[in-house]
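Please model the complete structure; the sequences and the hints are all you need to start from.
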Amino acid sequence: MAEKIKLSVDGILALESSFIKVPYEQLKKANRKAQKFTEKELSNLASGVADLAKGKGSGAKDPVKALDAMIERMNKLKRKLDELKAEETMYAGKLAARLSHLQDLAHIRTLTAPEFAAWAHLRLQRVLLDYLMRQGFLTSAKLLATGSSSHSASDASGSVMNLAAASAAAEPMAVDTDPTPAPASQVPAPHPVAGLVQFADLEFFTHQRRIERALERHSCTEALAWCHDNKVALKKLKSHLEFNLRLQEFIELARTRQLVPALEYAKTHLVAFADLGHTRAIQQAMALMAFPPTTTCEPYRTLYDSDRRWTALAAQFRADNFALHCLPPLSALEATLQAGLAALKTAQCGGKHEDRSINCPVCVPDTFAVLAEKLPLGHHVNSCYVCRISGEIMDEDNPPLVTPEGYVYSRKAVHEMAAKNNGFFRCPRTHSIFKVAQMKKMFLT
Amino acid sequence: MDAIAPEFDKFVARHHAYVDETSAGLDGLIATLRAARDQLAGTDQDAGAKKAALAMLSLDVKGQTSKIMDTTKDISSALAKCGKAIDKKFGTADLEWNPQAFEGKDHLIRQLIGEHFIREGKFELASTFQKESGLSAAPAKNSQFQELNDIIESIRHHDLGPAIEWAESKRFELNRIDSTLQFDLHKQRYLQLLADAGPRSPGLMAAIEYARKYFSQFPACIREIQPLMLAAIYAGQPTAPATYRTLLARATSPTAWSNLERQFARDFCSLLGLSPDAPLYTAITVGTTALPIIMKMSTIMKEKRNEWTASNELPVEVPLAPRHQFHSVFACPVSREQGTDLNPPMMLPCGHTICNESLKRISKNGSIRFKCPYCPQDTTMAQALRVYL
Ligand SMILES: [Zn+2]
Ligand SMILES: [Zn+2]
Ligand SMILES: [Zn+2]
Chain A
222 MAEKIKLSVD GILALESSFI KVPYEQLKKA NRKAQKFTEK ELSNLASGVA
272 DLAKGKGSGA KDPVKALDAM IERMNKLKRK LDELKAEETM YAGKLAARLS
322 HLQDLAHIRT LTAPEFAAWA HLRLQRVLLD YLMRQGFLTS AKLLATGSSS
372 HSASDASGSV MNLAAASAAA EPMAVDTDPT PAPASQVPAP HPVAGLVQFA
422 DLEFFTHQRR IERALERHSC TEALAWCHDN KVALKKLKSH LEFNLRLQEF
472 IELARTRQLV PALEYAKTHL VAFADLGHTR AIQQAMALMA FPPTTTCEPY
522 RTLYDSDRRW TALAAQFRAD NFALHCLPPL SALEATLQAG LAALKTAQCG
572 GKHEDRSINC PVCVPDTFAV LAEKLPLGHH VNSCYVCRIS GEIMDEDNPP
622 LVTPEGYVYS RKAVHEMAAK NNGFFRCPRT HSIFKVAQMK KMFLT
Chain B
7 MDAIAPEFDK FVARHHAYVD ETSAGLDGLI ATLRAARDQL AGTDQDAGAK
57 KAALAMLSLD VKGQTSKIMD TTKDISSALA KCGKAIDKKF GTADLEWNPQ
107 AFEGKDHLIR QLIGEHFIRE GKFELASTFQ KESGLSAAPA KNSQFQELND
157 IIESIRHHDL GPAIEWAESK RFELNRIDST LQFDLHKQRY LQLLADAGPR
207 SPGLMAAIEY ARKYFSQFPA CIREIQPLML AAIYAGQPTA PATYRTLLAR
257 ATSPTAWSNL ERQFARDFCS LLGLSPDAPL YTAITVGTTA LPIIMKMSTI
307 MKEKRNEWTA SNELPVEVPL APRHQFHSVF ACPVSREQGT DLNPPMMLPC
357 GHTICNESLK RISKNGSIRF KCPYCPQDTT MAQALRVYL
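If you read the sequences in order, they're chains A and B. Under my numbering, the first residue of the first sequence carries the number 222, and numbering increases by one thereafter. Under my numbering, the first residue of the second sequence carries the number 7, and numbering increases by one thereafter.
Hints in this document: simulated from the structure, not taken from any laboratory. Each residue gets a CB set at the ideal place from its N, CA and C atoms; glycine is no exception. Possibly wrong hints are sitting among the right ones.
Restraint ranges, calculated between C-beta atoms of paired labels, are given here [to be verified]: (1) A:664 to B:218: 48 to 58 Å; (2) A:647 to B:381: 27 to 37 Å; (3) A:454 to B:153: 12 to 22 Å; (4) B:346 to A:418: 43 to 53 Å; (5) A:519 to B:140: 33 to 43 Å; (6) A:367 to B:251: 51 to 61 Å; (7) A:572 to B:142: 20 to 30 Å; (8) A:418 to B:106: 29 to 39 Å; (9) B:347 to A:528: 43 to 53 Å; (10) B:140 to A:647: 26 to 36 Å.
Next up, the structure:
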């Protein structure tokens, strides 16, 4: 019946950047931290010992004490490295699981393969997880990722109705044609959600949330530390975040009229940005010292507008953090949902009751139907006839029959009903009754 | 992907070595420092010897630290290579083609997520999510979903007991929808018993006893029952004919189990008047293949500065699996237009169907007899019948 529709693997993979990049960037960060720390400590040690040998430096008077201190530092380095290595191993594990999940797709040839249904189900779980984390629903995200609740634990392999989504109807004999039946010893029922923890970027989003919270509390410290950690990447991004954070700290000093510290702050932290195109903003900031927070004079009033500026800072931080990790502004859940609903949407969706289908998501009132309102309809080059009675696709084996009133049903459904009703067919839409012989075959075009 | 895997494997292998080597390296370094310290702390050494010991130590430390540094740099460069391969394959992904579509509808997305968790029987998650996301009302808990999910879970663990029990209790309803579920469950259970028994006769007798007890309830399935009973002869025999080997293999075949699982979900939901797949799952599965096609089109359109999201139809076809085609769609073979209420499909007496606009054009508004574009039969506009798909 249905020809096998080939799966475009590369197209799907192209949309998965952040799925790979988030753990990779975190792995890189942990690794860089370890490298820097090691470098610093080891070179300090080497020069310290060299000084001792030459009888130079502060430790020369008591080399034993100096060596004790060095041993202590090395122990500290070792502990710190152990932590970072564990972190690296964790992110490498996530990366491995994700690469292999994406690799699985390469072995799936068609849209109708049971493996694709299982793969798509796992993808649904992880885009849901991603949505929950983006929205800051971290408790729910954790619960979904670990399935730690009592019921969810037993349900850890996810949803049921979908998972099996192997198209039983399309290929009922699949098993009989299976050339290599699995030996009795291995029962590889796929348990996709077992790997969901590896697909959750909880550390990433928790960290992001912590910095956002700090900004909500009007503290720049955490965000500035984050800027420091990502200096190179932010520069590449031409981010203004660090400057705006510095500016904010300056504004807060001006607000409380601590003018001397404000001036000092400007000298140490703002002037450096003058070359980076912020000269005007710095001039404005300096002038701010002449205006009290109650001023109505622009642009100083706006600069003192606390709520707006802090909200903007949080948004800017979030955008930069997303950009650094290739996280698109729109969540994969929403983007995929838009595409899926548009592809499924037909003129009949959500229309008259008889036109709706219980299987069609776009026909679900109040939620999906409303979401699909502003989406275009799917485009179809070929006709597709779905029987209103059986829901089956009509094709050469089960062609459409037309009642004298013009209503179309599949031959199978018509004959089944007629067999139970002495050869009569009752149209479910008009309730008229016909003999099967009165119905006409329609050509598939 | 093919370029990333080898680089990543290399990194992982090196990382193991790195973890061990730096650890051992630091231990060695600490031991060296300790030994030197103890030597210096000793009282039996003169100043000259102490000085010599420090010089030795300095040399030693230099050697050891540079070795650790080399390992550290090594792992970083392996990681960087991996990063290059990743950057090459994964650029910045743009997922937006219709930015206004969901504007102001966040609450609906939350609502359907909550309903989805219920649908999957994840009730605790659903209520946690409701509280955390501020959903006004908890989606109604439906104990039937719990039952469904519990049964499916046991099928997944190859335990058919709960499914058979449920099917028995719904015997009448299942018959009404012409479901073969009950028989198919018993069949799988029987094959399972055969597989467990192997060629041993006590187990075999149990399987045959099972068949005797239950298969007799399904006289209509006699054509299927015969080969099943014959299969008992071949249980546990690797030399069995292919037909029986594959039949017996069903007991452990993942495809057979997943088909059964789906069949169960379909019939269960059918009795409830629900779709067998959760709507969110269907929409996201379709979207997974649709999104790249739409994004590609959108990029091309943007380059040509064509605004198309406002138009009422996607400019490109997204292939749908048959089980995702829920509504009939008429595409006129003449004009390629999709049928609408204003331009409905019209069937000619020969059985060929074209759209009303095309019909008007070909028949010059009904003024002439014309030949069907797809067969030799000629006809008039008045003879055409409007069809409702
Ligand atoms: Zn619909
Ligand atoms: Zn036409
Ligand atoms: Zn014709």
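So, going through the hints one by one against the coordinates:
no.: 1; hint: A:664 to B:218: 48 to 58 Å; in the structure: holds, 50 Å
no.: 2; hint: A:647 to B:381: 27 to 37 Å; in the structure: holds, 31 Å
no.: 3; hint: A:454 to B:153: 12 to 22 Å; in the structure: violated, 51 Å
no.: 4; hint: B:346 to A:418: 43 to 53 Å; in the structure: holds, 49 Å
no.: 5; hint: A:519 to B:140: 33 to 43 Å; in the structure: holds, 37 Å
no.: 6; hint: A:367 to B:251: 51 to 61 Å; in the structure: violated, 41 Å
no.: 7; hint: A:572 to B:142: 20 to 30 Å; in the structure: holds, 28 Å
no.: 8; hint: A:418 to B:106: 29 to 39 Å; in the structure: holds, 35 Å
no.: 9; hint: B:347 to A:528: 43 to 53 Å; in the structure: holds, 51 Å
no.: 10; hint: B:140 to A:647: 26 to 36 Å; in the structure: violated, 49 Å
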